[in-house]
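Participant: Sequences listed follow chains A and B, in order.
Counted from 1, the first sequence has number 28 at position 28 by UniProt numbering; the numbering is strictly sequential.
Counted from 1, the second sequence has number 13 at position 13 by UniProt numbering; the numbering is strictly sequential.
Please keep in mind that the hints were generated in silico from the structure rather than gathered at the bench.
Quick reminder that beta carbons are idealized off the backbone N, C-alpha and C, glycines included.
Certain hints may be false.
Claimed, not checked - Derived Cβ-Cβ restraints for the label pairs, each shown as a range: (1) A:P5 x B:P5: 37 to 45 Å; (2) A:A82 x B:D11: 29 to 37 Å; (3) B:Q8 x A:N55: 44 to 52 Å; (4) B:E62 x A:E10: 29 to 37 Å; (5) B:L46 x A:A34: 30 to 38 Å; (6) A:A101 x B:S102: 23 to 31 Å; (7) B:R2 x A:R2: 56 to 64 Å; (8) A:R69 x B:M1: 40 to 48 Å; (9) A:T52 x B:P24: 22 to 30 Å.
What the hints assert, rightly or not - Just a few of them, taken from the derived set where beta-carbon distance is under 10 Å, the chain A residues facing chain B: (10) L14; (11) H19; (12) G22; (13) D23; (14) R81; (15) S102.
Chain residues, written in single-letter form:
Number of protein chains: 2
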Amino acid sequence: MRALPQPQPEDFDLATVMHALGDPVRLELVRRLAAEGETTCSPEGLTVPRSTLSNHWRILREAGAITVRVSGKTRLVTLRRAELDARFPLLLRAVLDEIAASGSGR
Amino acid sequence: MRALPQPQPEDFDLATVMHALGDPVRLELVRRLAAEGETTCSPEGLTVPRSTLSNHWRILREAGAITVRVSGKTRLVTLRRAELDARFPLLLRAVLDEIAASGSGR
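Let's have the full structure, built from the sequences with the hints guiding it.
Facilitator: Written as structure tokens, this is what we have:
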């Protein structure tokens, strides 16, 4: 499998990461990745057009939030949690705690 | 003075707040408000067109991040820190810590 291009942790930018997380669909994708680990790029139960979903994955990947690995027609997505936590301590926890508490993004 | 319309804390939305903070100029505005307290809506040293700045303030206000009070031609802005902290524990701290650590948004 090869990984699609993604930034190194030292190039993570706070505004870019906040923007990537500033959308209810992308928050839901991140919530699922945090809860379920590696997933395909076509999660069940999301009523989002395929091209829109693809755009959401790209924004998350380019911000450094996820890794996308490609093999043939399969795309597997993981959250870069350790790298995000190392670069932005508390941020992902604050976001995931709020989603868990409120059901936001679900 | 009268305050411009703003959401109640129970109507704060995580994705909307993240989006409001997902811009380098808005992060810088929030950093200044956190450091300096109440400011006018025309902070010094920002090379941002007036209409763009006005739009940034509106996005922050509509997300619940700031209060804007108006008296004649004067607009005074404050960060709704206590309300944000109560609704999204850790979030603002995570953001402000990162800005302080990296100089992001400056």
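Participant: Each of the hints needs a verdict: does it hold here or not?
Facilitator: Cross-check of the supplied hints:
{"no.": "1", "hint": "A:P5 x B:P5: 37 to 45 Å", "in the structure": "42 Å, holds"}
{"no.": "2", "hint": "A:A82 x B:D11: 29 to 37 Å", "in the structure": "34 Å, holds"}
{"no.": "3", "hint": "B:Q8 x A:N55: 44 to 52 Å", "in the structure": "32 Å, violated"}
{"no.": "4", "hint": "B:E62 x A:E10: 29 to 37 Å", "in the structure": "34 Å, holds"}
{"no.": "5", "hint": "B:L46 x A:A34: 30 to 38 Å", "in the structure": "36 Å, holds"}
{"no.": "6", "hint": "A:A101 x B:S102: 23 to 31 Å", "in the structure": "28 Å, holds"}
{"no.": "7", "hint": "B:R2 x A:R2: 56 to 64 Å", "in the structure": "58 Å, holds"}
{"no.": "8", "hint": "A:R69 x B:M1: 40 to 48 Å", "in the structure": "55 Å, violated"}
{"no.": "9", "hint": "A:T52 x B:P24: 22 to 30 Å", "in the structure": "25 Å, holds"}
{"no.": "10", "hint": "L14", "in the structure": "5 Å, holds"}
{"no.": "11", "hint": "H19", "in the structure": "3 Å, holds"}
{"no.": "12", "hint": "G22", "in the structure": "3 Å, holds"}
{"no.": "13", "hint": "D23", "in the structure": "6 Å, holds"}
{"no.": "14", "hint": "R81", "in the structure": "14 Å, violated"}
{"no.": "15", "hint": "S102", "in the structure": "7 Å, holds"}
Figure legend: structure checked against the earlier numbered hints; hints not met, in rising order: 3, 8 and 14.
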